[in-house]
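Keeping their order, the protein sequence lines are chains A and B. Numbering (my numbering) for the first sequence: 1 to 283. Numbering (my numbering) for the second sequence: 1 to 293.
In the DSSO-like style, the derived pairs of lysine-lysine whose C-alpha atoms are separated by at most 27 Å in a straight line are:
| hint | chain 1 | residue 1 | chain 2 | residue 2 |
| --- | --- | --- | --- | --- |
| 1 | A | Lys173 | A | Lys110 |
| 2 | B | Lys100 | A | Lys15 |
| 3 | A | Lys173 | B | Lys10 |
| 4 | A | Lys112 | A | Lys173 |
| 5 | A | Lys16 | B | Lys98 |
| 6 | B | Lys285 | A | Lys110 |
| 7 | A | Lys68 | A | Lys55 |
| 8 | B | Lys100 | A | Lys16 |
| 9 | B | Lys71 | B | Lys53 |
| 10 | A | Lys173 | A | Lys199 |
| 11 | B | Lys98 | B | Lys202 |
| 12 | B | Lys53 | B | Lys68 |
| 13 | B | Lys58 | B | Lys71 |
| 14 | A | Lys140 | B | Lys53 |
| 15 | A | Lys15 | B | Lys202 |
| 16 | A | Lys112 | B | Lys10 |
| 17 | B | Lys98 | A | Lys15 |
| 18 | B | Lys68 | B | Lys58 |
| 19 | B | Lys202 | B | Lys100 |
| 20 | A | Lys112 | A | Lys199 |
| 21 | A | Lys16 | B | Lys202 |
| 22 | A | Lys112 | B | Lys285 |
| 23 | A | Lys110 | B | Lys10 |
Hints were generated in silico from the structure; no laboratory data involved.
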Amino acid sequence: MAKQKKLSSNRQIVKKISSYILLIAITLFMIGPFLWLLSTSLKAGSENIFQYPPKLLPEHPTLSNFSKVMEVFPFWRYLFNSVVVSVLTVVLNVLFCSLAAYPLARMNFKGKNIIFILIITTMMIPFQLLMIPVYIISLKLGLQNTYLGMVLPHVTTAFGVFLMRQAFMTVPKSLDESARMDGANSFQIWLRVLMPLVKPAMVTLTIFTFVSAWGDFLWPLIIVNEQEMFTLPLGLNMLSGTFTSDWRLIAAGAIISMIPIITIFLLLQRHFIGGAMSGAVKE
Amino acid sequence: MGCETLRTNKLTPYLFLLPGCIILGAFIFYPMLQAIWMSFTDYNMVTDPSFVKLDNYKDLFQDDLFWKTLKNTLIYLIGVVPALVVLPIFLAVLVNQKLKGIGFFRSAYYIPVVTSLVVAGIAWDWVYKENGLLNYVLDLLNIISEPIPWLTQTQTALFAVMLVTVWKGLGYYMIIYLAGLQSIPESLYEAADIDGANWWQKMTRVTIPMLMPFVLIVTIMSSIAAMKVFEEIYIMTGGGPLHSSETLVFYIYTQAFDRLNMGYASAAGVILFLLTLVFSLINLKVMGKDNSE
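All chains should be modelled from the sequences, with the hints used to inform the complete structure.
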């Protein structure tokens, strides 16, 4: 009996160790490219970064590439633009989707089904088809090189309406009814009764929207051509296009551009991963 | 109910729907109709559009480059989707264990998901350099004898970019499967234990069958995403060398915004729409089923 126990605990240890080895190997694959970029960004000008075999660690680590890149790369301006665009997209998206989801979850009215179906069908239309007319419309509305121009096409999504509607449907109807007895109107019920109860869904939608707005590249690339209005991805793309041969500078720029989103992610990782999980279950 | 109809205005539901519907109307439905109409016209943003009937479609079907981008998109789909459907299952099982520090690994695998594709593209561009890390690692493992210019030769460029798409998506789909794994009742595994099932039997008889709804979701999502791939290509290869890594959306983009062939690009966009429609319809069906429950 004792022997058998020892055997199974040995097997447990072997299993544990092999799990860790696998986990670490995959970690290297997942974040290795970033670490390699970081190492390059820390290499001094005297070091040959193209030598073979490559040196994994910098010989004389230096931050000079970072101070140099800050001179040619208006990081703070790009960061400001990225923050404005992402926050505006998130706020409007959560607002518009929750507003639209409320009657779809809670009221009976003419055309309810057809409106819901129409909203859901927008999921089937690829933005890559729409981008041409949306570009033309945005030009006509004077939205080129504006924050609104970058934001407006993304502030209502079928996914968001669907997610919020599902969340509203889980709230017992008796809550709205008693609020209505107390004289609350529909807007007050939406704001004071329902919204506080669907916070988890709001967090999920916020994170989904934020990540896609923050990383969005194709639409800003089309609608923005003034450097002043560049978001971080656009700015970084220009940096790598301008200093094609100076890989220390490009690496430093890329690492700097990563810092804000990685910081947010590390601070809120529980919500990022939890949000993605509940988003998956709801879909 | 009677109380509600008395107190609320008949317009109330429509007022709630208004902002969202204006946005969807102005930026999806109206542009959709305009795109279809434009696909039958010749329009370059300078002169007024002229109606050319099916000419754009006829030209498309005679354009070798269009067929090439379509073929590349198909290769992308066939290469990327199975990897993104299968590999994240193993990742999810791996990070679903109760081990110390497992949260760290989950987060580490999710980092590529939150980083922008521009940063990811630059990082991989550097990894793929002839004197770069990948060639060095493969050299150490004796897999290659000579460095391969991954992104600059026609045989490998498309596949090199595909690897980046897979790498960037793994963490996301892993989390979806993780949600799936955690929805499997523990009692199923206990029953399997009692029956003396081994690890592999538990995987194939319990885990995979219970994950099937999630496999379907991931298949659809990754298929639609693969058909629309653009950023990776734009940043890492620019469609080259010799259009070897050019995909359908890249083609639409260059036709529309480099050459201002708006009508022609719209026709290619309509084809993209029709190709993704199959997957979208399955997606709607899955959502509808989930909804009616």
